[in-house]
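Read top to bottom, the protein sequences are chains A and B.
FYI, the numbering for the first sequence is 518 to 802, going by my numbering.
FYI, the numbering for the second sequence is -4 to 577, going by my numbering.
Just so you know, these hints were derived from the structure itself, not from any lab.
Among the hints, a few may not be true.
As the list claims (entries may be wrong) - In silico DSBU-like cross-links for lysine-lysine, where the CA-CA straight-line distance does not exceed 30 Å:
#, chain 1, residue 1, chain 2, residue 2
1, B, K150, B, K83
2, B, K395, A, K791
3, B, K386, A, K601
4, A, K802, B, K372
5, B, K386, A, K802
6, B, K184, A, K698
7, A, K768, B, K231
8, A, K779, B, K463
9, A, K699, B, K393
10, A, K601, A, K652
11, B, K61, B, K495
12, A, K699, B, K395
13, A, K601, B, K383
14, B, K522, B, K463
15, A, K601, B, K231
16, B, K61, A, K802
17, A, K791, B, K372
18, A, K802, B, K446
19, B, K231, A, K791
20, A, K791, B, K185
21, B, K83, B, K144
22, A, K802, B, K552
23, A, K791, B, K369
24, B, K513, B, K61
25, B, K395, A, K698
26, A, K779, B, K144
27, B, K383, A, K802
28, B, K495, B, K522
29, B, K442, A, K802
As the list claims (entries may be wrong) - Sample of chain B residues facing chain A (criterion: CB under 7 Å; computed from the structure):
#, residue
30, Y168
31, S244
32, G417
33, A422
For every residue, glycine included, the Cβ atom is placed at its ideal position computed from N, Cα and C.
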Amino acid sequence: MATLSDFNGYQPTWCPGCGDWGIGIALKMALVQLNYSPDNVVVVFGIGCSGNMNDFLNAYAIHSLHGRAIPNAIGVKIANHRLKTIAVVGDGDCYGEGTNHLIHAIRGNHDITVIVHHNSVYGLTTGQVAPTAPKGMKSKSTPSGIIDQPLNPLTLSLTQGATFIGQGFAGDTPHLIELLKKGLQHEGFSLINILQPCVTFNKINTYQYYRERGYRLPKDYDPSNYHLALKKSLELDDGKYPLGVIYQVKKPTFTNQLTQLKERPLVENEERRKEIFFQLLNTFK
Amino acid sequence: MMTFTWKIGGEAGFGINAAGSIFSKFVARSGYYAFDYIEYPSLIRGGHNALEVVIADEEIGTLREKIDFLVCLNAETYQKHSVRLHEKSLILYDQAEFQPNGTGIKITLPFKTILSDLGGDLVMKNTVALGASVALLGGEIKILLEILKEQFAKKGERVIQFNQKFAQAGYEYILNHYPTLIHRILTYKKNNNKVVISGNDAFSLGVVLADCRFYSAYPMTPSSSVLHTLASWQEKIGMVVRHAEDEISVINHAIGSSFAGVRSAVGTSGGGFALMVESVSFAGIAEIPLVIFLAQRPGPATGMPTWTEQGDLLFAIFAGHGEFPKIVLAPSDHLEMLRLAAEAFNLADIYQTPVIVLSDMFLSESHRTIDEEKIRKLAHQYQIDRGKLIKNLERTEKIKPFLRYQITEDGISPCLLPGTDGFFYQANSYEHLEDSHTTEEALERKKQVEKRNRKIQTYLKNHFQTPKVYGNLEHASMVFVSWGSNKEAILAAIRDLEEKNNLKTALIHFSYLYPLDKNVLLSLFDKNKQYLLVENNSLSQFGNLLSMTLGIEIERKILRYDGRPITSYFIIDELKKNGDIK
C-alpha cells in the first residue's frame, strides 16, 4: 500500500501561506486514504501555480498546456478507462483559456475529476485578474478595475449537466480531504472548485474573507436535489460560499456507453488482426 | 493506354457524387480502371456539381483534357463544360430542357417523361443517366443493377427495385433509339479483383492496418470522410472515434490517449490544423507519438473549402513554436497514401514525435481503381513497430521514477506504458530532466534539446527515403521536380511529351518531404540540367524548402493556384506558352 511519502515529490515552491499547500496535501491524503498509489493514477496538470504541483506529487502525469488539461485527461480515460484520471487546474486555466473543454467534458460525463484552484488571479504571471475575479478588482491588466462580472463555475457546471459538483476551501484541509475522496469516488464527471487564497496577489479573497463567508453544508443537505443545488450555487454571486457536495447524480459515463470498451480498455486490446483489414477492403470492390 | 472521359453534371443535391461513385465501381467491375474527380461548391443544394470519371485499360490517376461523354442533367452542365468537348464526344441531354449548339454527337433522352411515366422524382435523373451511359458504352446492365442493389441494401427491396427500374429504363431507351451510337468502351471483360478507393479511404485503411485505436477530428472538408469512415467501422475494429468540440480539443484528446499507450491520430484541414499548432509543439517536447492527417484546401482562412491546393506545405513543416523534430510525408497516389498512413504510425512511435501526412482535396476525394492484389501485398508486408515502448518492466519494492527522457545516442528514450506497476513519470510540456521533472538548468536544457535534435539524424539515417526518379535523368532535356499528389499528372505529361513532341523529360518526385537529407539529395541535381518545379500553389513552397535545405534554386516554375488540380494538359499548356514546345 502506498504511503504519503510515496506521493511526495519535490518540496513545493509555492509562496509561504499559499492555498495550494492545503490543496496539495489534501489531494495526496485523499489518494492514500482511497488506496491509490503513484503507479495507478494519472494526473493531468494545467499551467499555472496549480499546475506546478506536477513536480510535487508523484504519479503518472502529463504537464499539459494552459487550458488543455481536460481534453488530455479525456484522451487518457478513453485509452485506459481503468486508470483513475484527475485534472489539476487553475481558474484561469479552466474557466478562461479552456472553458470550452470544461463544458463539453460535462456534456459527455467523462469519468474524470477536475480539481480547480479558484484564486481569482493569474498567480504565475504576477496577478492579473482571472475570470472569477470580483467585479471592480484592480490588477496589472485591469488598473481601473475589471468591468466583467465573475464567472460562476458552480451554476455553469450544474446547468450543463455535471454529475458531481463540490466546493472546498484550501484553509479547511480535513473537510477538503473528505470532499476530494467523494469526488474521486464518483463515477462520471466531477468538478471540485476549491477556494484558494493567493496571499501574494489577491488582497480581497483572503483566508479571513473565506472564513467569514464560507460555511459547511448542513448534514441534512440533499445533494441530489437539483433546484436546491442551483440555489446554493447562486449564493456565490452574493459572496456566500457553501462548502461540500453541492450536487451529485448517477448517470452512465462516456466510456461505459462505448460497446467497444465493454470487455477491456482500448490499450489492452489484442493487436488488430489483418483479416479485419481484408474484410474492410472487400467493401470497396 | 486507352482513356475515355465520362462526365456528369447537374445542380447540387441531384446525386452527382453518388452517380459518380456508382459509375466508378461499374467501370472496375467491368474489367477497367477508373479515376474520378468531383467539383462542387460549399453548398448542400443549388450551385453546380460535376464529376468526371476517366476510364482506362491500365491503372490511371489523373485527368485527361477532352471530355468524351458529357451527361448534362441541366443546361448549365453543357455551358460550363462544352469547351472540353470534341467532334466525337457524346452529349446526353433532354431536349425538353435545352438544345446543345456546339460540337459533338447529340443524344436526347426524355428524362422528365421517363420519370413521370414511372412515378419517379426529378432527383432520380442520375439513375436514368447511369442506365443510359452503360448502354452507350456497351456495358452490362446487370452489373449496374447489382451495384444499385448493394447501394440501397439498407433501404429494403422496394427501394432497390424502384431504383433499378429507372436505370433499366435509361438503358432500354438508348438500345431502342440509338443502337448505332453504342461504343464498345466498357464491354465486359473477365478480370482480377479490383477496389475503388478515395485517398481518404486509403488513409482510413492505413489507420486500420496500423492498429491505430483512437481517431479524433472536427468536421472539415476535405478531411471529413475519414472521420465518417472510421466512425462507421469503430465498433467492428475495436477503436474509438471521437468528434470533439474543436480542433484544440481534438489534438489534446489524441495526445492523452497516445500518452496512455494507444496509437492515436487526428484529421483536419488547414484552418483546423492552425488551431492545433500549439499542441503540435507540446507533443514535440513531451515526445508523444501522434499522426496528423492534414488534407489541404485553398486558403487563406476559409478560402475555397471544396477545391484543391498545396498551400500548407511550409505551414505544416514549420508548425509549432520552438524547435523540435517533426516528420512530414506527402503521398503521391492512393496506394502510397495507404502505405505512408500505416508507416506514419511506425515513425511516430519510433521517433516519439508528431508525423504529418499531407494530402489535398484532389487526392483525398478522388477515387481510383487499384488491383486488390497490390494492396494485399502491401498489407502482408506491413509490420507494426512501436519503437522503444516498454509494456512490462520488473519493479523494485519501492516505487521509483522512470527515466522517461533518458539521454541516448540516437536521441530516442525508452518509454514506459503508464499504469505499469512500480513506476511513475510525467509527459512534460516544460523543459525537463531525464526523470521528467521540470528544469531550467542551462546544461540540462542543452542536453534535452540536443537529444531531441538527434532524432532528426537518426531518422535521416534509418527511415528517410530519397525521392523517386521517373524517366532517365541523363537523357532528359528537362526534369520536373515535384511532390505529393502532382505525380500522376506529371507522369502523364511526360508520356504525352514523348509521344506527341518527341521530347524526353523526367521527374524527381518527393513523398518524404521533411526533414530532407542534403547530402543524399545534392547528387540528384546537376547544374547543367534544366529543372522545372511543379506545384499546386502560388509561392513555390517546395522550391523554397529545397533552396533553404540544399541551396539549389529552381528558376523555372509551373504553379497552379486557381483551386484546380495540376493536370498533364495544364503543364503542356504552360510549356507551350513558354515556347518549349509547339
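Results for each hint:
For the given pair, K150/B sits about 40 Å from K83/B by alpha-carbon distance, which is inconsistent with the 30 Å threshold. With a C-alpha separation of about 38 Å, the suggested pair K395/B and K791/A falls outside the 30 Å cut-off, and the hint is violated. About 19 Å separates the Cα atoms of K386/B and K601/A, which keeps this hinted pair within 30 Å; it holds. A hinted pair counts as satisfied when its Cα atoms are at most 30 Å apart, and K802/A with K372/B qualifies at roughly 17 Å.
For the given pair, K386/B sits about 38 Å from K802/A by alpha-carbon distance, which is inconsistent with the 30 Å threshold. For the given pair, K184/B sits about 71 Å from K698/A by alpha-carbon distance, which is inconsistent with the 30 Å threshold. A distance of roughly 26 Å separates the Cα atoms of K768/A and K231/B; the hinted pair therefore holds under the 30 Å criterion. As the CA atoms of K779/A and K463/B are separated by approximately 46 Å, the hinted pair breaks the 30 Å bound.
For the hint linking K699/A to K393/B, the alpha-carbon distance of about 28 Å falls within 30 Å, and the restraint holds. Pair hint K601/A plus K652/A does not hold up; C-alpha atoms about 37 Å apart against a cutoff of 30 Å. Pair hint K61/B plus K495/B holds up; C-alpha atoms about 16 Å apart against a cutoff of 30 Å. With a CA separation close to 28 Å, the supplied pair K699/A and K395/B stays within the 30 Å bound.
Taking the CA atoms of K601/A and K383/B, the gap is about 25 Å. The hint holds against a cut of 30 Å. The suggested pairing of K522/B with K463/B holds, with an alpha-carbon distance near 19 Å, which does not exceed 30 Å. For the hint linking K601/A to K231/B, the alpha-carbon distance of about 27 Å falls within 30 Å, and the restraint holds. The straight-line distance between the Cα atoms of K61/B and K802/A is roughly 28 Å, inside the 30 Å bound, and the hint therefore holds.
Taking the CA atoms of K791/A and K372/B, the gap is about 12 Å. The hint holds against a cut of 30 Å. For the given pair, K802/A sits about 47 Å from K446/B by alpha-carbon distance, which is inconsistent with the 30 Å threshold. Note on K231/B and K791/A: the hinted pairing holds, with a Cα-Cα distance of about 13 Å set against a maximum of 30 Å. For the given pair, K791/A sits about 28 Å from K185/B by alpha-carbon distance, which is consistent with the 30 Å threshold.
Taken as a hint, the K83/B and K144/B pair is broken in the structure, with Cα atoms around 33 Å apart against an allowance of 30 Å. For the proposed pair K802/A and K552/B, the alpha carbon gap of about 39 Å is over 30 Å, so the pair is violated. The suggested pairing of K791/A with K369/B holds, with an alpha-carbon distance near 15 Å, which does not exceed 30 Å. The hinted pair formed by K513/B and K61/B fails the criterion: a straight-line CA distance of about 41 Å is larger than 30 Å.
Only pairs whose Cα atoms come within 30 Å are accepted, and K395/B paired with K698/A is accepted, the gap being roughly 25 Å. For the proposed pair K779/A and K144/B, the alpha carbon gap of about 34 Å is over 30 Å, so the pair is violated. Between K383/B and K802/A the alpha-carbon distance is near 38 Å, which puts this suggested pair outside the 30 Å criterion. As the CA atoms of K495/B and K522/B are separated by approximately 28 Å, the hinted pair is consistent with the 30 Å bound.
For the hint pairing K442/B with K802/A, the CA-to-CA distance comes to about 53 Å; that exceeds 30 Å, so the pair is violated. A least Cβ separation of about 29 Å between Y168/B and chain A goes past the 7 Å threshold, and the interface hint is therefore violated. Checking S244/B against chain A by beta carbon gives a least distance of about 4 Å; that is within 7 Å, so the hint holds. Look at G417/B: its Cβ gets to within about 6 Å of chain A, closer than 7 Å, so that hint holds up.
The beta carbon of A422/B is positioned within 7 Å of a beta carbon in chain A (closest approach about 5 Å), and the interface hint is therefore held.
Of the numbered hints listed earlier, those contradicted by the structure are 1, 2, 5, 6, 8, 10, 18, 21, 22, 24, 26, 27, 29, 30.
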